[in-house]
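There are 2 protein chains.
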Amino acid sequence: MPHPRDGSGRSASVKDVALRAGVSLGTVSNVLNRPERVSADTRTRVEKAMADLGFVRNESARQLRAGRSRTIGYVMLDATNPFFTDVAQGMEHVAEDRDLSLFLCNSDNRASREAAHLGHLQEQRVQGILVTPVDPDSPTLADLAGRGTPLVIVDRTRPGAAFCTVSVDDVLGGRLAVDHLVDRGHRRIAFVGGPDSLGQVRERLEGARQAWREAGLPEADLVVVPTTALSVAEGRAAGERLAGLPARRRPTAVFCANDLVALGLLQQATSAGVRVPDDLAIVGFDDIDFAAAAAVPLTSVRQPRAELGSTAARLLLAEADDPAHVHEQVVFEPELVARRSTLG
Amino acid sequence: MPHPRDGSGRSASVKDVALRAGVSLGTVSNVLNRPERVSADTRTRVEKAMADLGFVRNESARQLRAGRSRTIGYVMLDATNPFFTDVAQGMEHVAEDRDLSLFLCNSDNRASREAAHLGHLQEQRVQGILVTPVDPDSPTLADLAGRGTPLVIVDRTRPGAAFCTVSVDDVLGGRLAVDHLVDRGHRRIAFVGGPDSLGQVRERLEGARQAWREAGLPEADLVVVPTTALSVAEGRAAGERLAGLPARRRPTAVFCANDLVALGLLQQATSAGVRVPDDLAIVGFDDIDFAAAAAVPLTSVRQPRAELGSTAARLLLAEADDPAHVHEQVVFEPELVARRSTLG
DNA sequence: CCATCGAATTGAAACCTTTCAATCGATGAC
DNA sequence: GTCATCGATTGAAAGGTTTCAATTCGATGG
Chain Y
1 MPHPRDGSGR SASVKDVALR AGVSLGTVSN VLNRPERVSA DTRTRVEKAM ADLGFVRNES
61 ARQLRAGRSR TIGYVMLDAT NPFFTDVAQG MEHVAEDRDL SLFLCNSDNR ASREAAHLGH
121 LQEQRVQGIL VTPVDPDSPT LADLAGRGTP LVIVDRTRPG AAFCTVSVDD VLGGRLAVDH
181 LVDRGHRRIA FVGGPDSLGQ VRERLEGARQ AWREAGLPEA DLVVVPTTAL SVAEGRAAGE
241 RLAGLPARRR PTAVFCANDL VALGLLQQAT SAGVRVPDDL AIVGFDDIDF AAAAAVPLTS
301 VRQPRAELGS TAARLLLAEA DDPAHVHEQV VFEPELVARR STLG
Chain R
1 MPHPRDGSGR SASVKDVALR AGVSLGTVSN VLNRPERVSA DTRTRVEKAM ADLGFVRNES
61 ARQLRAGRSR TIGYVMLDAT NPFFTDVAQG MEHVAEDRDL SLFLCNSDNR ASREAAHLGH
121 LQEQRVQGIL VTPVDPDSPT LADLAGRGTP LVIVDRTRPG AAFCTVSVDD VLGGRLAVDH
181 LVDRGHRRIA FVGGPDSLGQ VRERLEGARQ AWREAGLPEA DLVVVPTTAL SVAEGRAAGE
241 RLAGLPARRR PTAVFCANDL VALGLLQQAT SAGVRVPDDL AIVGFDDIDF AAAAAVPLTS
301 VRQPRAELGS TAARLLLAEA DDPAHVHEQV VFEPELVARR STLG
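Order-wise, the sequence lines are chains Y and R. 1 is the number of the first residue of the first sequence in our numbering; add one for each residue after it. 1 is the number of the first residue of the second sequence in our numbering; add one for each residue after it.
Do not rely on the hints blindly, as some may be mistaken.
The list treats identical chains as one, so a pair stands whether inside a single copy or across any two.
Taking lysine to aspartate or glutamate and the DMTMM-like style, the derived pairs with C-alpha atoms no more than 25 Å apart in a straight line are [said to hold, decoys possible]:
1. Lys15 x Asp196
2. Lys48 x Asp169
3. Lys15 x Glu206
4. Lys15 x Glu47
5. Lys48 x Asp16
6. Lys48 x Asp321
In case anyone wonders, no lab produced these hints; they're calculated from the structure. Remember, predicted model here, so these are calculated numbers, not experimental data.
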């Protein structure tokens, strides 16, 4: 019987272990935390007692004593978007190396959920919080940082802010996408994405406009098709709206604010008999794995997803370990990955 | 100045609040937990003190006292598979309703990671653990349940086990897929998936074989193409192996163990000039959003993903709240969703 | 004016771990 | 035989919250 449940229902504590092993409570703690200070004999005795009792360390008590937990948290914007799960993967590796747990939370694009999660994480006294915020200018974040909780913003930048940020140059990303389309000869294009409360959307569009302008092309030939979210469904809907445009205004290429939208659009286009890329070229953003795997492989602006996450996590821990830490704003450069959806 | 940081660096405790509000520590606790027992006057005074001090409740201490936390955990098999994030979404809703936090962990198909996560969750004294295990027969799980931690297995069934399970009838799913292909006139098909250490893979194949046999078709005409994982990349690789088969053995349809594999296969086929479904029909499994969004929308066996998650979470909480709880084995029926990848 | 009652508030104990100064015992040096 | 030393072990305190029995105070009824 490997795990005799004691009648009390309560799980065994160090005290119970000490009693059973016939040592003091401090010794049990030593076995747990500084085994080298305990004689081999006592150690095995204590370890046996632990096994017999099915002892599991109570992390709450440990944290209470230590003042902080062995956990960091990441509040992500959209857990169903593979981009963010890949970012989280990068964080996870760093956490694993340091033997920390990563607490994943999904704000699902809602400020209220975000606030709730941030509150819970604070109550847990996590070592620090990573967040891809609904709104990076929200005072909640500044408050948090001001209160002393290490905080790193992921996928947004905030120059001069009271915290580190790790992001990708979205304006540059937008330029890359549009430069590529212009190079391929397109002279009427659309930008699909929204809501523009999302900084990612605004900046990618801004970059697109810059590139378009610098190519000397008329503003009116860059149509903006707004969506209410960055999802596959919205991409499909946008495709329908695009198909409804009079032929002379219909673009020959589309730059989508992310790959989910691009995949939705691609599907709608293909099923409507529009050939990609011959009739319509498509560029996405993020370069999630599904982009390369689409039946017409998607040209996309690649972000170093895992690196974004691991860098953020490392900065967070640096700040948590060193109060004199100087905040950094890391900006990665995106890179265009050309595939069939624009190459024919 | 909304959050004056006290010189100590330590964050404010109930004691500090009590001192500042000129009340006892018990009263502060009452304001927090039973506000109706406190006079309006005192209450506002205490609330003001909390705001001034930027008081944040210390969850570790609360948990220590309460004996258990306000958290449940889900250890998922593959966080990058949208199927599991959708399942998690279902759990999240239940947790949100009960004002609990859901701690998401990714075992990434590795038993060692799974064990580490399970250990951490226990140490946190979570109310219960949801897990899609690498191996549902692992003694670790039985131990956990035996030790008294409420446990629910998700996406696997284990008749007569010492815990609840919530799953989908994978054998039936396999049958549905193959019945459909047989109905569409296919007489030589392949099953693509692996490793068969995964129960999901074994059972879906088993169902496929049953349906094939019952249709009176020769065993040899159901080719099994094993993969080392259920990923897009493996699907692509399998596609190449399939293309390498001599024409007379090449199947006219493929049933993939999940949608990721199917999407990879679809991509490989299309880029190799194989027309889907005319030259090759494809059926996936899970019906993730990307399945419908593929450029050739994918026929797939739908599982009630969110419902799987919410049911599991509800069972878990039922067990956590009632020690006399009787374990249940819930099995959902999957459903075939036919789309262009098999319909032409 | 006293007794009683109820509402509001208090103070101490408990939860479990970690830490650290103090103690103990044995070994080796003189 | 005594003293210093060193390793091993101990015991008590601290950390923040919650709970609950006990207390206070003002008000009500007699």
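Unsatisfied constraints (hint numbers, rising)
As far as the earlier hints go, 1, 2, 3 and 6 are violated by this structure, in ascending order.
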